[in-house]
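J.: Once you have looked at the hints, place chain X on chain Z.
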Amino acid sequence: MSSPTSTPGRRKRNRDDIPATPKSTAKAGSDGQVSPPSQRRRGQDSSNGDLPAMPTSPATDIASPAVHDTSLFSSPPQLYSLEVDMSSPLMYGTPSSRVEGTPRSGVGGTPARQRPDLGSIRKAPQVDLHSDADGAVASEQALGQKLVIWGTDVNVGTCKEKFQRFLQRFIDPTSNEDENAGLDLNEPLYMQKLEEISVVGEPVLNVNCSHVQSFDADLYRQLISYPQEVIPTFDMAVNELFFERFPDSILEHQIQVRPYNALKTRNMRSLNPEDIDQMITISGMVIRTSQLIPEMQEAFFQCQVCAFSTRVEVDRGRIAEPAVCRNCNTTHSLALIHNRSAFSDKQMIKVQESPDDMPAGQTPHTTIVYAHNDLVDKVQPGDRINITGIYRAVPMRENPRQSNVKSVYKTHIDVIHFRKTDEKRLHGLDEDSDQKLFTEERVQILKELASKPDVYDRLSSALAPSIYEHEDIKKGILLQLFGGTRKDFSQTGRGNFRAEVNILLCGDPGTSKSQLLQYVFNLVPRGQYTSGKGSSAVGLTAYVMKDPETKQLVLQTGALVLSDNGICCIDEFDKMSDSTRSVLHEVMEQQTLSIAKAGIICQLNARTSVLAAANPVESQWNPKKTTIENIQLPHTLLSRFDLIFLMLDPQDEAYDRRLAHHLVALYYQSEEQIEEEFLDMAVLKDYIAYARTYINPRLNEEASQALIEAYVDMRKIGSGRGMVSAYPRQLESLIRLAEAHAKVRFSDKVETIDVEEAKRLQREALKQSATDPRTGFVDISILTTGMSATARKRKEEVAQALKKMIQSKGKTPAMKYQQLFDDLRGQSEAAITKDMFEEALRALADEDYLTVTGKTVRLL
Amino acid sequence: MPSSHDWINKPLGVVEAMFAQSNSNPEWEAKVLEYFKGQLKEKESHSWVPSLNDVPLHYLKPNSLVKFRCLVQDMFDPEFYMGVYETVDPSTKANVLRCGKYKDVTECGVDLNSRNTVTAERQTFYCVPIPGESPWAKEISFLSAARVVPSTSYVPSRQKRSYEEDDDDMDTQPQKQREPHTEPHGNGDSKRQETEAPSSQTTTPSDCSSHLDLNFPLPGERGPACLVKVYEGLDSFKLNDTLEIYGILSVNPVLTVLGEEKDPSLLLLNPTESMETPEEQRAHDPPASLVPRLHMLYARPLQHNNPLLPSAPTEDQSAFVSSFLVEMASVRAELLAYLTHVLLGDGLAAEYLLLHLISDVYTRRDVLPLGKFTLNLSGCPLNSYTERLYQIVQQLVPCSYRLSMSLHTMNSMRLVPKKDYVANRLVSGALQLARNTSLFLDETQLEQGQLDSSGVRNITALGNLISWQKVDYDFSYHQMEFPCNINVLVTSEGRSLLPSDCQVPLQPQVTPPNMEEYLTTIHMAQFTSQINKFRVYLSLARTLDYSISDEVTKAVEDDFVDMRKDDPQSVTAEDLHRMLVVARLLSLSLGQTTLSRDGWMRAKHIDMLRRSRTEQQKSLNGNEP
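As they're listed, the protein sequences go chains Z and X. Each number in the working numbering comes from the position in the first sequence (counting from 1) with 1 added on. With the working numbering, letter number 27 in the second sequence gets 7, and the count goes up by one each step, no holes.
With the rest of the complex left out, here is chain Z (with noise of 0.2 Å):
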């Protein structure tokens, strides 16, 4: 006979007949004299529920209660004792331990709960691997080291101790999952977790498949190979252990441990034959729920003749309807009492694989999901969850006239835990969806690349290759896909720091803007593209909309929101209406979007780059204009961005030459050389998610102060001149910018390189777009105010001289409009439009000089 080493070898094969016989009940005690116990398979009975035609008697089915007091103990070569009967996972949850009562001491008064999700897991008896099965008639203690589930390696007795001391002294030092937050991580976990079950009261012990794998390989494995019969032994060395040290608490129910993050986490794809009744984890997305199914568990039947009732259990979905009454010996005297049977809740879920998971050019997988008991509706169509489970593979029904069976299987996950991925987003961080497993030797090819002293520039070249030059402007979108590091400041009030770089691309008509755009787009995981000219300001941030099916009002969140920390690209931004340009106006400096509609009442968050293009009005850039008054946004919107280039025609030929030989390049050139030339986008993406993953970098004394000198710099230039030439916003945007780089070169500290790489590329930007055209100095205030400062001061000089002038013709309380237009531009020497005529009288009528009405101007 084999002993249980030899057991996990033939797992797979075992696997393989999955849907094999109902008979195995009937036939348990007997099989395991016939065959050695190794090359049976085990948890037959479970998985083919629905299996009719099936020759299950109640005679001989140990779990019927009915039968369990007289047939099953009174026969004699049976390898248990009643107490190890009571004692085992074979017994949990079986009603019968309800009925009679627990004869243990603390668990008693606390009814057990099925566990639907297990499947009934009371059938597979346990075998001596050691002795002949027939016979051991040996003492419970000297069994309880031999014997195992019938079909696995599991020996209840060690794996519930083992199970016990993992709970007394797994700690985990380094534990940051927020579920353990306010516990003591140098005191055992899962024991704290206890207390604070009976506090609670909620009697559920979620325990991490690592930190049991991390404790003990073994019983790991188990857990993962046969769930079914490990996950009730779990159950019950929590509770011994629960009811010893809290005697008098008062729980629902017995405690149900779930496990989860099975690290066979895999995606929906991978699924195969081989991992049939194995615990695993998926992702994926909910598609759809069904309504709440009522699943009897437990049958009540009364005699008609004598009132007398027994209790029979549903076995794979069937009730073995008594025929006889066994107090009065009628034959079918006996009916079902609706109102007495038992229930449970069911739910159907529908899981399709998430898009991240998929290769390109096929559709996505779905899988079917059973919910029991309180995991019923506690996921909604649209959330993405991890799903720990079992792997069920059900044959298809017979059709009842047909004696061939349909080959196929049908498959389904009873799920045993579940974790919302985006259940935090809206709230704060959201560290685990990010979390991309990255492999050793990834890690050290990345770590290599950020090594190279280039790396900057090779990140920038990779970036859309197929787009010419533009350097500055790939470099500043390389730092925004990097961003900066996230601070909080909510302690002193100031709420959360902007840790994202917002671009705005402007320049003339087919510098190819949008194909850079889409670039983006596509390089980013939680991207979003939207066009001007096509959104509204709802479906950027959120609308509420009644759910056809549920009639109830849901929150659907716009492209802002859906890019919660990835970047949202907006083309055609020129285009865009303004109430929806409002919008952007909170969501680019608080990062949030506050909501008030049809009675919901929300902020939600929103820290998304803002990668925007726009064209500019006259459709061709005018260079003798400012950036405003080519592209008409309000700079209360411009300021809000860290860098605005402009992409335009160089027009050298030089330029033109490259530009030529580059695209013919694209054209012609072969897939190999182009991948010599250039990083590859997987590379590239995953150096940006393990930047922003691991990489928070902070100020160094140097580089403050290397910030503090540029940022006082930049204000002096302006105060020669009056005017002012640098606002806290660009220092916060440099320190972003340095930030950024500090991340690309995968440093903890932001150096004074950075710094200088910051100034440098804002000091382009800011040539590029706010330079006035009227001196071809660099003045911030076109950005900031809308105004150079040079115009400003021409404003108020045609202010003063037409004060002045109406001053000089003394005391006229009202004058015609229109001739004092002509008066004044006769006086002056430079030309006066009337729009700045205008201005003028605006200007003093703010200093309460005179008041406008109509075509007549009063003196105050």
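The hints are simulated quantities; they were obtained by calculation from the structure and are not laboratory data. Keep in mind that the hints are not guaranteed to be accurate.
[As the list claims (entries may be wrong)] Below 27 Å or equal to it, Euclidean Cα-Cα: the simulated BS3-like pairs (lysine-lysine) are:
hint: 1; chain 1: Z; residue 1: Lys796; chain 2: Z; residue 2: Lys625
hint: 2; chain 1: X; residue 1: Lys218; chain 2: Z; residue 2: Lys576
hint: 3; chain 1: X; residue 1: Lys450; chain 2: Z; residue 2: Lys686
hint: 4; chain 1: Z; residue 1: Lys421; chain 2: Z; residue 2: Lys379
hint: 5; chain 1: Z; residue 1: Lys817; chain 2: Z; residue 2: Lys856
hint: 6; chain 1: Z; residue 1: Lys717; chain 2: Z; residue 2: Lys626
hint: 7; chain 1: Z; residue 1: Lys625; chain 2: X; residue 2: Lys545
hint: 8; chain 1: Z; residue 1: Lys686; chain 2: Z; residue 2: Lys488
hint: 9; chain 1: Z; residue 1: Lys448; chain 2: Z; residue 2: Lys750
hint: 10; chain 1: Z; residue 1: Lys448; chain 2: Z; residue 2: Lys488
hint: 11; chain 1: Z; residue 1: Lys686; chain 2: X; residue 2: Lys218
hint: 12; chain 1: X; residue 1: Lys513; chain 2: X; residue 2: Lys218
hint: 13; chain 1: X; residue 1: Lys218; chain 2: X; residue 2: Lys450
hint: 14; chain 1: Z; residue 1: Lys626; chain 2: Z; residue 2: Lys760
hint: 15; chain 1: Z; residue 1: Lys760; chain 2: Z; residue 2: Lys453
hint: 16; chain 1: X; residue 1: Lys398; chain 2: Z; residue 2: Lys421
hint: 17; chain 1: Z; residue 1: Lys794; chain 2: Z; residue 2: Lys835
hint: 18; chain 1: X; residue 1: Lys545; chain 2: Z; residue 2: Lys626
[What the hints assert, rightly or not] Taking CB as the label site, the calculated pair distances span:
hint: 19; chain 1: Z; residue 1: Pro729; chain 2: X; residue 2: Gln596; range: 52 to 58 Å
hint: 20; chain 1: Z; residue 1: Pro635; chain 2: X; residue 2: His458; range: 29 to 35 Å
hint: 21; chain 1: Z; residue 1: Thr753; chain 2: X; residue 2: Thr573; range: 54 to 60 Å
hint: 22; chain 1: X; residue 1: Thr573; chain 2: Z; residue 2: Thr694; range: 44 to 50 Å
hint: 23; chain 1: Z; residue 1: Arg341; chain 2: X; residue 2: Glu259; range: 32 to 38 Å
hint: 24; chain 1: Z; residue 1: Arg699; chain 2: X; residue 2: Pro6; range: 31 to 37 Å
hint: 25; chain 1: X; residue 1: Asp432; chain 2: Z; residue 2: Thr854; range: 57 to 63 Å
hint: 26; chain 1: Z; residue 1: Pro729; chain 2: X; residue 2: His458; range: 34 to 40 Å
hint: 27; chain 1: X; residue 1: Glu259; chain 2: Z; residue 2: Arg222; range: 39 to 45 Å
Computed from a prediction, not measured in an experiment: that's the story for all the values here. Note that the Cβ used here is the ideal one computed from N, Cα and C, for glycine as well.
T.: Same frame as chain Z, but now just chain X:
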């Protein structure tokens, strides 16, 4: 004709024999595939296999080998099945191992208890005939198949009639356009009525399929849809692939368990049944008599569906290519003359139309598709000219579709495929097309009025298709991008509201008093053999390889710099993009596989001509943007 056709008539016998010999050695599966591949490699052997496209389903033997030329419209979830199972012979009580591969149902008396059962995985693809396949392509492949169909009792007795139809296509097509149901696509009900008494057959397939939505991408399509069970190489297939599938036909009536036949009480008790909605059942398990199952043994990706060309990239294809290359230039000249007549004597527009017809997205650089050449033919005369133009295009290309962009169709039609989560299938849309399909957008049909939100979505989808050659399929919670390769031709009065790579204002040299008559005469003047030559030419030119030497690269660069020197405003990077594509297509159209300096100059020349014409148009119309 070979006598032994067992591998066609009884492929399952072959499979089972191999399985029996194997003694459960898993290598037998590879052997089976090799055997069938080997058989099909033999000369002409693939033409002995009857095709689902040509032969009506009820003439095909169940469990025989058939082929199917199709497009993968949807991919269903993978399913687990019994790869090997054991049965108990009731008379001898002996256990027999059976093979469940390539079958839908098991033999009697499965021992579900057996430990020898092997569970395996397969996937189902929902396949439809290639959407928009031109009638001539169907006709020719039908005729060539009709020559050799030894394995079916079906004898196509309608050759005569088919020729008539061919003529019909040319004469009475406008009428057919209006009534798509009378169009004799494939071998639908008209044949059936011929062989069977109309009284006995009251429900024609069209009636059945109308209540069972077969999910064809284009409205008015006909033909068999098929559930293809795929066993090997699941990752190599993509949505919208065009394939020629060889597989075992399964039409077992057991599969036909429609929702209404089910006992509701059974449903309640049976949890596995209740997880499927009736809609899902209907989509995933339609009656086998309407949607047959095909167990794939071998699949060949199709580069094109032109029946006049050898389809496989074998030696005889390269021989065919090299022989045709000789006449390439002359065929081009004839085709150009033909198109010039069709385009009312406008030679330049004809040149551009020709280039457009052979264009192809040959590669992608990050997001940028290279080689696309969307043509906007503006200034088209009204009054059904565009309709006739489409018919001529349809006669030339193997796959095409005309989308009349009237307000009503734009607002009501579904262009983008959408996932239906209730039925768990991808509901098709008109933009789910095979590669190199000619999409003819008729903007002359557009009138003033309001587009509703679905209309705006449709226009956006068309714009995306043209600019990026991709369609964003609607998965309700998110969108998924599917790259495509569709030749879009836009006909409009003024400049099109859709983007295009190149706009050519039509300048008619002749104004025939009766347009219909004029076009018909031109069409009739062409012999079928001539038309066939054009068809081969267009398909072939597209498949040629193309390269550019360093020397010419240099010349092109210099040229670009020179052009910019004169007037930087007039020539932009975009223009260079376009001219490079034009140069490529121009060379290919002449059968030249490298760009010559001459070719570049020609490309530059015709682009100059076109540009001056657009300028002219602009100044004529005044304030056109």
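J.: Quick one, are Lys448 (chain Z) and Lys750 (chain Z) close enough, alpha carbons at most 27 Å?
T.: holds, 16 Å
J.: Could you grab the alpha-carbon distance between Lys686 (chain Z) and Lys218 (chain X) and see if it respects the 27 Å cut-off?
T.: holds, 24 Å
J.: Holds or violated: Lys513 (chain X) and Lys218 (chain X), Cα atoms, limit 27 Å.
T.: Violated, at roughly 32 Å.
J.: Given the hint that Lys626 (chain Z) pairs with Lys760 (chain Z), test it: the Cα-Cα distance must not exceed 27 Å.
T.: OK: Lys626 (chain Z) and Lys760 (chain Z) at ~25 Å, within 27 Å.
J.: Take a look at whether the Cβ-Cβ distance between Asp432 (chain X) and Thr854 (chain Z) falls inside 57 to 63 Å.
T.: Violated - the Cβ-Cβ distance for Asp432 (chain X) and Thr854 (chain Z), about 47 Å, lies outside 57 to 63 Å.
J.: Take the C-beta atom of Pro635 (chain Z) and the C-beta atom of His458 (chain X), compute their distance, and say whether it sits inside 29 to 35 Å.
T.: holds, 33 Å
J.: Starting from the hint 52 to 58 Å, judge whether the C-beta atoms of Pro729 (chain Z) and Gln596 (chain X) obey it.
T.: Holds, since Pro729 (chain Z) and Gln596 (chain X) (Cβ atoms, about 56 Å apart) stay within the stated range.
J.: Quickly compare the C-alpha distance for Lys421 (chain Z) and Lys379 (chain Z) to 27 Å and report which way the hint goes.
T.: holds, 9 Å
J.: Is Lys794 (chain Z) close enough to Lys835 (chain Z), meaning Cα to Cα at most 27 Å?
T.: holds, 17 Å
J.: Verify the proposed pairing of Lys448 (chain Z) with Lys488 (chain Z), using a straight-line Cα cut of 27 Å.
T.: holds, 25 Å
J.: Does the Cβ-Cβ separation between Arg341 (chain Z) and Glu259 (chain X) fall within 32 to 38 Å?
T.: holds, 37 Å
J.: Verify the proposed pairing of Lys450 (chain X) with Lys686 (chain Z), using a straight-line Cα cut of 27 Å.
T.: holds, 22 Å
Hints 2, 12, 24, 25 from the earlier list are contradicted by this structure; the remaining hints agree with it.
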